[in-house]
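In order, the protein sequence lines correspond to chains A and B. Heads up: the first sequence at position 49 corresponds to 245 in our numbering, and the numbers run straight through without jumps. Heads up: the second sequence at position 44 corresponds to 154 in our numbering, and the numbers run straight through without jumps.
I should point out that these hints are in silico values taken from the structure, not numbers from a laboratory. Note that the structure is a prediction, hence the values are computed from the model and not measured. Any given hint could turn out to be false.
[Stated by the list, open to error] Below, simulated DSSO-like cross-link-like pairs (lysine-lysine); rule was C-alpha separation at most 27 Å, straight line:
| no. | chain 1 | residue 1 | chain 2 | residue 2 |
| --- | --- | --- | --- | --- |
| 1 | A | K237 | B | K183 |
| 2 | A | K251 | A | K237 |
| 3 | B | K215 | A | K251 |
| 4 | A | K216 | A | K260 |
| 5 | A | K262 | A | K237 |
| 6 | B | K183 | B | K113 |
| 7 | B | K215 | A | K216 |
| 8 | A | K237 | A | K210 |
| 9 | B | K180 | A | K260 |
| 10 | A | K237 | A | K216 |
| 11 | B | K215 | B | K180 |
| 12 | B | K113 | A | K237 |
| 13 | A | K262 | B | K215 |
| 14 | A | K210 | B | K113 |
| 15 | A | K237 | A | K260 |
| 16 | B | K113 | B | K215 |
| 17 | A | K260 | B | K113 |
| 18 | A | K260 | A | K210 |
| 19 | A | K260 | B | K215 |
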Amino acid sequence: GAVVSQHPSWVICKSGTSVKIECRSLDFQATTMFWYRQFPKQSLMLMATSNEGSKATYEQGVEKDKFLINHASLTLSTLTVTSAHPEDSSFYICSASSAYQPQHFGDGTRLSIL
Amino acid sequence: AQKITQTQPGMFVQEKEAVTLDCTYDTSDPSYGLFWYKQPSSGEMIFLIYQGSYDQQNATEGRYSLNFQKARKSANLVISASQLGDSAMYFCAMREGARGTSYGKLTFGQGTILTVHP
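Input sequences plus hints: build the corresponding full structure.
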């Protein structure tokens, strides 16, 4: 089946650091990628929808300047958490989709801000 | 209003038995898709099964089947012959608009934690 690679899988860093998470579709061209945030034992909350070559569409309540999304190619989208603080600690997971694929998810990134 | 509702926070089942995970949805769009995903403790989201609103038959994928009752707006997941490896969190999700499995953002339910006992 289709594979989506997300990197890194685990990040621990100091408060104030910016962290970049990559999401790659390995065997199909993803015209649309989605970024989700998940707290322990809770549902996935959509943060933003990213279309290749255009600006991301953010969900209500998500800070655009805090969570920078870039979708520069059909196989790569990045999420940068700028000036991360402890409250940004969470599980971040991306998914990729195209005309012929349901959403396939990456393995997620556990972000811990000290 | 909640668009996807999973009313069972946790379910327990004996190995080799069948289990049904409930999911109800709310939409006024005639075209929508319903998905089930499995999330083990390691965190990855595994796509299990898909049902389109126009599909005449209930979807099946191996041990997974979707009991789609359109008038009741329910899309319950049935897992037959449960295995220990089925222990995980299960999410029901809906995509409104467009046909097929592609595109569109997903709205997820709250999830159900399934525990399979030996």
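Which hint numbers doesn't this structure obey? 2, 9, 14
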